[in-house]
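Now for the letters of each chain:
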Amino acid sequence: MSPRPESAIETRELRKEFGSQVAVRSLSLTVPRGEIFGFLGPNGAGKSTSIKMLLGLVRPTSGAAWVLGAPAGDVEARRQIGFLPEDFRFYSWLTATEVLRLHGRLCGMSAAQLRARVPDVLETVGLTPHRNRALRGFSKGMLQRIGLAQALVHEPQLIFLDEPTSGLDPMGRRMVRDILRAERGRGATVFLNSHLLSEIEITCDRVAFIRDGEVVESRELGDVWQDEISLVVHVRHVAPDTLAGLARWTSTARLDVDQLRFTVSTERVVPEVVRYLVHQGVDVSRVVPDRTSLEDVFMTLMGEDPGL
Amino acid sequence: MSAVLLMAGVTLREAARRRILWTALVAGGLLLVVFAVAMHLQVLEFQGRAMSPFVRYQVESGMLMIGLYTCALLAVVLTILTSIDTLAGEIDSGTIQAIATKPIARWQILLGKFVGFVVMIVGFVLLTFFATIWVAHAITGVFPEHAVRGALLIIFECVLALSLTFLLGTWFSTLTNGVLVLGLQGVALMGGWLEQVSGFSQSAHIVTLGVVSSLIVPTEALWRRAAYELQTPLAGSLSFSPFANVSIPSATAVLYAAVYLAVAVAVAIRHFGQRDL
Chain A
1 MSPRPESAIE TRELRKEFGS QVAVRSLSLT VPRGEIFGFL GPNGAGKSTS IKMLLGLVRP
61 TSGAAWVLGA PAGDVEARRQ IGFLPEDFRF YSWLTATEVL RLHGRLCGMS AAQLRARVPD
121 VLETVGLTPH RNRALRGFSK GMLQRIGLAQ ALVHEPQLIF LDEPTSGLDP MGRRMVRDIL
181 RAERGRGATV FLNSHLLSEI EITCDRVAFI RDGEVVESRE LGDVWQDEIS LVVHVRHVAP
241 DTLAGLARWT STARLDVDQL RFTVSTERVV PEVVRYLVHQ GVDVSRVVPD RTSLEDVFMT
301 LMGEDPGL
Chain B
309 MSAVLLMAGV TLREAARRRI LWTALVAGGL LLVVFAVAMH LQVLEFQGRA MSPFVRYQVE
369 SGMLMIGLYT CALLAVVLTI LTSIDTLAGE IDSGTIQAIA TKPIARWQIL LGKFVGFVVM
429 IVGFVLLTFF ATIWVAHAIT GVFPEHAVRG ALLIIFECVL ALSLTFLLGT WFSTLTNGVL
489 VLGLQGVALM GGWLEQVSGF SQSAHIVTLG VVSSLIVPTE ALWRRAAYEL QTPLAGSLSF
549 SPFANVSIPS ATAVLYAAVY LAVAVAVAIR HFGQRDL
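Chain order of the listed sequences is A and B. Using the working numbering, the first residue of the first sequence is number 1, and each one after it goes up by one. Using the working numbering, the first residue of the second sequence is number 309, and each one after it goes up by one.
Simulated from the structure, these hints should not be mistaken for laboratory data. Here the structure is a predicted model, which is why all the values come from computation and not from measurement. It is possible that some hints are incorrect.
[What the hints assert, rightly or not] Which chain A residues face chain B? A few, computed with CB under 8 Å, are given here:
| # | residue |
| --- | --- |
| 1 | ARG59 |
| 2 | VAL75 |
| 3 | ARG89 |
| 4 | PHE90 |
| 5 | HIS103 |
| 6 | PHE298 |
Every residue, glycine too, gets a C-beta built ideally from N, C-alpha and C.
Isolated chain A, as found in the complex:
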């Protein structure tokens, strides 16, 4: 068994038990290079343990994992990996600049490289005015920003972010989104673990849903509405026969006052449907795709909240 070269991350039946408790049951996952990958699941689904196994912090009980073509935890491969732990904390007696210098040097960067790179990263995460302040005076949001900066300082090929927007204000969240896109732009892969589905929806190219330590669904985000599309058509003057005529394309047509709702199997038939409606004398004012939100998908896959 060996990993595919086009994959940034590949796992096969990865399992972790803590005593008698199974944290990750059987994780099989492929993350292509150059994408922002969202890792979703309810609390206790095994997301953080999975990330820790991929980083070599936690030893799998069984199964296999490769990261950037090397077995998970490989010391040399870590040169190309950045990691923002959940609830980032670091030596409170170091200043922001010193934290980044230390992490850069641990990643093998030279003093000259760091002199050029550290101010840039501080600027990216908005900490330039606080560059000489010790971490002990930092707010949670500022700690999150410096945590993000240390994950990026060595320009890694693969970045793991565990809840990167926790503790951040809306501006901070926007900043994280911009950073993730910029990182993807320079060719990096981002593995994003987040509870904030709306964030994932905006940023990610692909998502995997994990429940009880297993991937229950994995899809490209476009897929959510590409194959099957639900529409809301704002209409007037719909005759009952017209509604019945829609059966050619859909079996779900429903008129709700002046909103006609239906789902078709492919986007390609939408113009046909609109032409038909207009030909039947219907006034069409708006055709709006009724997107299935990630939250809907999440709730469908995960079922009712079983409580913690």
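Since chain A is already given, all that's left is putting chain B on it; use the hints.
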């Protein structure tokens, strides 16, 4: 190797920034002041008495031993208190995760921290040990036998205690680690004193108990070897002295301590390398 030095540098910088080192030095300074005053009072007291210079020198040497013993005890306790948190605390808080995911091996993290603490210990012991000797020499003119050997043995004692806090720190939380190592140090102290007392009691069982305690934690045995090296043979033979050479740990005991240290560090590295963080 550079990763080890980098981690050692961080550890030293932490000590300087968090004022651990400065607080320890203040404690050492206080100790020195008390010691100097006591020595001075002793000299004043002797001036009023007719005493042979030889006996006087032996008593003053005994005073110096008290000073050096306190130095060693302070150094061991400070070693334990400053280092219990370094692995256990960073594992507990998750701070270690940001470091252990960098391209350095876990043994380099542990060894780097260890080296950082050893440098601090060497500096602290040399400073307080030779300052105590200097104070005693300046006030009374006494000088210990084999001062360098004594200093090296005290450093060895501290590094041995350090290896225990590192070893247990890879298993237990900060607080548990502290209680365990201080408890073990208590066992070592008890063992040492039992062996001393056995000089009077002649009980073979007490000697055995003392030896077993010293095998469990050989730190105090190293101090007793240091005491043997530091004293004149005559002072060492004064059985009423708490530092008397009643039961001198042999070269084999010192070798045992060296093997103990190596094994403790090796097991710590192995366990830290394998455990989940």
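**Prompt:** Which of the numbered hints above does this structure break?
**Reply:** 6
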